[in-house]
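Enquirer: Read off the chains here:
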Amino acid sequence: MDLALIAQHVVNGLMLGLIYALVAVGFTLFFGVLDIIKFSHGDVLTCGVFTAFAAFLGLQVLGLESKPLILVVIGVLGMAGMAVLGVLIARVLVLPLKGAPALNVLLITLMLGTVLRESIRLFFPDGANPKRFPALLPDWSHSWGRFTLRFDNTVLLITGLLLIVGVQLIIKHTKLGMAIRAVSQDEETAKVMGINFNLVVFITFAIGSALAAFAGLVSGLYYNEITFNMGLLLGAIGFSAAAVGGFGNLYGAIIGGFLFALLQTVGAVLLPFASAYKDVFAFGIIIVIMALKPTGLLGEKETQRV
Amino acid sequence: MNQHPSAPVSCLPALLAVPLGAVFMALSLGSESQGLVFGLLLGGSMGLGLAHHLGWLDRAGCSAAAWPRTFGGAVLVAVAGVCLWFHDDPFVLFLIATVLVYTLACFGLNIQFGFVGVVNFAGASFVGVGCYTAAILTKHTAIPHLLVLLAGGLAAALVGSILLIPVLKTRGHYAALVTIAFALLFKIFLEVNDVMGGPQGLKSSGLKVLGWDFNRDVSLGPFEGSFYLNYVAMILALTVLGFILARRLEESWIGLKLDAVRLDELGGACFGLHVPRWKITAFTIGNFYCGVVGAFFAMMLGYIAPSNFAFGDSLILISIITLGGLGSLWGTVAATAIVILLPEKFQILQEYRFLLYAALVIVILLFRPQGLLPRPLRRYAMLQRDGS
Numbered sequence: 001m002d003l004a005l006i007a008q009h010v011v012n013g014l015m016l017g018l019i020y021a022l023v024a025v026g027f028t029l030f031f032g033v034l035d036i037i038k039f040s041h042g043d044v045l046t047c048g049v050f051t052a053f054a055a056f057l058g059l060q061v062l063g064l065e066s067k068p069l070i071l072v073v074i075g076v077l078g079m080a081g082m083a084v085l086g087v088l089i090a091r092v093l094v095l096p097l098k099g100a101p102a103l104n105v106l107l108i109t110l111m112l113g114t115v116l117r118e119s120i121r122l123f124f125p126d127g128a129n130p131k132r133f134p135a136l137l138p139d140w141s142h143s144w145g146r147f148t149l150r151f152d153n154t155v156l157l158i159t160g161l162l163l164i165v166g167v168q169l170i171i172k173h174t175k176l177g178m179a180i181r182a183v184s185q186d187e188e189t190a191k192v193m194g195i196n197f198n199l200v201v202f203i204t205f206a207i208g209s210a211l212a213a214f215a216g217l218v219s220g221l222y223y224n225e226i227t228f229n230m231g232l233l234l235g236a237i238g239f240s241a242a243a244v245g246g247f248g249n250l251y252g253a254i255i256g257g258f259l260f261a262l263l264q265t266v267g268a269v270l271l272p273f274a275s276a277y278k279d280v281f282a283f284g285i286i287i288v289i290m291a292l293k294p295t296g297l298l299g300e301k302e303t304q305r306v
Numbered sequence: 001m002n003q004h005p006s007a008p009v010s011c012l013p014a015l016l017a018v019p020l021g022a023v024f025m026a027l028s029l030g031s032e033s034q035g036l037v038f039g040l041l042l043g044g045s046m047g048l049g050l051a052h053h054l055g056w057l058d059r060a061g062c063s064a065a066a067w068p069r070t071f072g073g074a075v076l077v078a079v080a081g082v083c084l085w086f087h088d089d090p091f092v093l094f095l096i097a098t099v100l101v102y103t104l105a106c107f108g109l110n111i112q113f114g115f116v117g118v119v120n121f122a123g124a125s126f127v128g129v130g131c132y133t134a135a136i137l138t139k140h141t142a143i144p145h146l147l148v149l150l151a152g153g154l155a156a157a158l159v160g161s162i163l164l165i166p167v168l169k170t171r172g173h174y175a176a177l178v179t180i181a182f183a184l185l186f187k188i189f190l191e192v193n194d195v196m197g198g199p200q201g202l203k204s205s206g207l208k209v210l211g212w213d214f215n216r217d218v219s220l221g222p223f224e225g226s227f228y229l230n231y232v233a234m235i236l237a238l239t240v241l242g243f244i245l246a247r248r249l250e251e252s253w254i255g256l257k258l259d260a261v262r263l264d265e266l267g268g269a270c271f272g273l274h275v276p277r278w279k280i281t282a283f284t285i286g287n288f289y290c291g292v293v294g295a296f297f298a299m300m301l302g303y304i305a306p307s308n309f310a311f312g313d314s315l316i317l318i319s320i321i322t323l324g325g326l327g328s329l330w331g332t333v334a335a336t337a338i339v340i341l342l343p344e345k346f347q348i349l350q351e352y353r354f355l356l357y358a359a360l361v362i363v364i365l366l367f368r369p370q371g372l373l374p375r376p377l378r379r380y381a382m383l384q385r386d387g388s
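Chains A and B, in that order, are what the protein sequence lines are. Going by the numbering used here, the first residue of the first sequence is number 1, and it counts up by one from there. Going by the numbering used here, the first residue of the second sequence is number 1, and it counts up by one from there.
Don't take every hint at face value.
[Unchecked claim] Partial list, computed: chain B residues near chain A (C-beta under 7 angstroms):
#, residue
1, Ala22
2, Ala26
3, Thr170
4, Leu184
5, Arg368
Keep in mind the hints are simulated off the structure, nothing from the lab. Here the structure is a predicted model, which is why all the values come from computation and not from measurement. From the three backbone atoms N, C-alpha and C, an ideal C-beta is built for every residue, glycine too.
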């Protein structure tokens with residue numbers, strides 16, 4: 001296998017890894033503040049990209065021509081819309097179940113995911129069929145032998161990485177981030193210190209959901225196609241990535257996301273049998289990792305001995 | 001016979017409730033027009049509300065709890081009666097069989113989630129293992145079909161044992177991940193492999209027991225009925241067997257240990273309980289149930305495809321046991337009937353089926369997290385009663 005092909009696989013893998021990492025960061029943020037898994041996250045992603053798509057159709061009716069402007073507008077609308085949806089979910093479904101068994105929250109958000117997914121399928125015009133997502137970035141590309149670097153992929157990759165770094169900076173270096181970390185560490189003490197607990201939860205849900213919308217947009221621009229059930233697998237992968245990294249650990253989520261993409265790429269390229277088994281391979285390895293590291297690669301060790 | 005500490009409870013309220021329920025089910029199943037179904041549903045809910053208000057429901061519940069065998073027998077007779085009433089209506093019989101199929105699979109999940117607290121988000125996958133086992137065995141071998149049912153269960157238990165180590169080592173959300181990942185992996189595997197039919201799926205032959213062909217219409221003297229009557233009888237027998245086994249398990253010392261593991265793993269371990277052993281037991285038995293159900297289902301449908309075993313179907317199974325009340329076997333029966341029959345009778349709802357299930361479970365979790373018929377507290381008197 002020559003270098004060009006390897007480089008091509010690396011770039012493709014990085015794109016996938018970016019999408020997974022963006023989703024996984026959301027999972028890990030929610031887990032951090034509330035110790036819950038919000039499984040509707042993948043479907044929030046779908047909602048985000050469909051919101052952006054609807055906005056695109058609306059802008060076309062209005063007659064807006066400039067592609068970069070359209071992209072920025074629909075991106076902002078999708079992310080803002082999902083931020084609001086995230087806050088709503090936290091307010092209506094997640095906070096009322098505080099203190100209930102952990103699996104109840106998992107179940108209720110799984111079901112919410114189904115509600116969102118089915119709503120798109122049933123109520124979006126012709127929602128059951130795949131939609132062609134417009135190519136809004138210029139299709140410039142440069143080839144070195146068999147390796148082709150597309151301009152749009154580069155832009156998406158850089159923007160995505162900047163976004164992840166931005167979130168990480170917010171968490172580590174701002175007052176808001178300190179509040180989020182305080183709540184994750186000890187809710188009671190954080191409250192005593194005058195932190196508005198509900199507000200922190202809402203902001204975290206807004207950030208996480210906006211990231212999911214962005215991941216959806218990246219996926220839509222990358223594959224040029226969106227479907228009502230794209231979020232189910234992406235959500236499950238993001239969940240796996242966050243778990244493999246260790247819930248509540250931001251770096252773990254990022255590593256987990258890229259690790260999953262690596263497993264898929266390796267599965268597709270190196271496995272002797274059909275590349276169709278790449279997801280089977282990746283999920284299989286995830287299960288093995290969970291058996292070896294029950295709280296994830298970077299997770300806190302939990303010891304219970306009798 | 002009855003050693004309940006309070007005054008002896010009459011078995012009459014329970015025995016009265018059963019035929020009422022049976023007549024209501026028969027009317028609902030038999031009615032063709034949407035308006036009539038809706039009217040019946042409305043009337044039924046209002047009747048239940050009234051009965052609850054007057055305290056009749058509680059009395060029926062108490063009496064059913066005090067006379068579990070009498071009540072169970074009455075329900076069995078009632079279901080058999082309803083099936084005979086519809087003996088020449090294949091669709092209704094098929095519906096009843098489907099409800100029983102889901103009920104039995106949910107008993108298995110109840111043993112896992114309700115009794116020992118190991119949540120399994122891959123229930124439909126284990127049903128799928130049973131289905132594919134049955135399809136392959138009936139196609140390539142001449143193994144008697146009763147043994148095929150058993151083989152389906154064993155295959156599911158065996159596949160489940162691959163997951164044992166990660167399931168035992170992980171807790172909470174990490175454990176949920178293991179079965180979710182397995183459910184996705186299994187569905188993708190079925191779709192991409194060439195050996196087992198890929199996305200098109202496989203054909204399975206119909207059930208044959210001791211030369212009795214289940215796919216032939218029943219005719220015994222003057223009595224003639226649809227061939228589905230065979231399948232309903234078989235799955236009814238399996239469900240009763242599954243119910244009795246699960247109930248025995250629950251009431252025995254094993255059930256006591258399972259409860260201890262679920263309620264406080266650490267505490268149980270401190271008292272010398274071997275936690276992994278009981279988790280393995282419950283997980284394997286539950287998967288065995290799912291596998292047997294799958295083998296039966298494949299032979300009844302005659303055709304299986306990967307889309308029957310998607311993650312969404314596993315979620316439906318979990319929704320049913322949550323709706324019925326975790327660990328409550330009668331709750332599971334009631335919840336399955338609601339979840340399966342309601343969308344079938346309302347053809348308008350068919351399209352919105354998944355949306356409605358999901359919304360229903362959300363409402364239940366928000367307002368009645370213990371389910372429709374919560375599992376009652378263990379009564380230690382029951383442990384001795386059989387001997388006296």
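Enquirer: Run every hint past the structure and note whether it holds.
Expert: Hints, verified against the model:
A cut of 7 angstroms between beta carbons decides the hint on B:Ala22: the least distance to chain A is about 31 angstroms, and the hint is violated. At about 32 angstroms, the closest approach between the beta carbon of B:Ala26 and any beta carbon in chain A exceeds 7 angstroms, and the interface hint on this residue is violated. A hinted interface residue such as B:Thr170 counts as satisfied when its beta carbon comes closer than 7 angstroms to some beta carbon of chain A; here the least separation is about 4 angstroms, so the hint holds. For B:Leu184, the shortest C-beta to C-beta distance to chain A is roughly 6 angstroms, which falls under 7 angstroms, so the interface hint holds.
Interface restraint check for B:Arg368: the shortest CB-CB distance to chain A comes to about 12 angstroms, outside 7 angstroms, so the restraint is violated.
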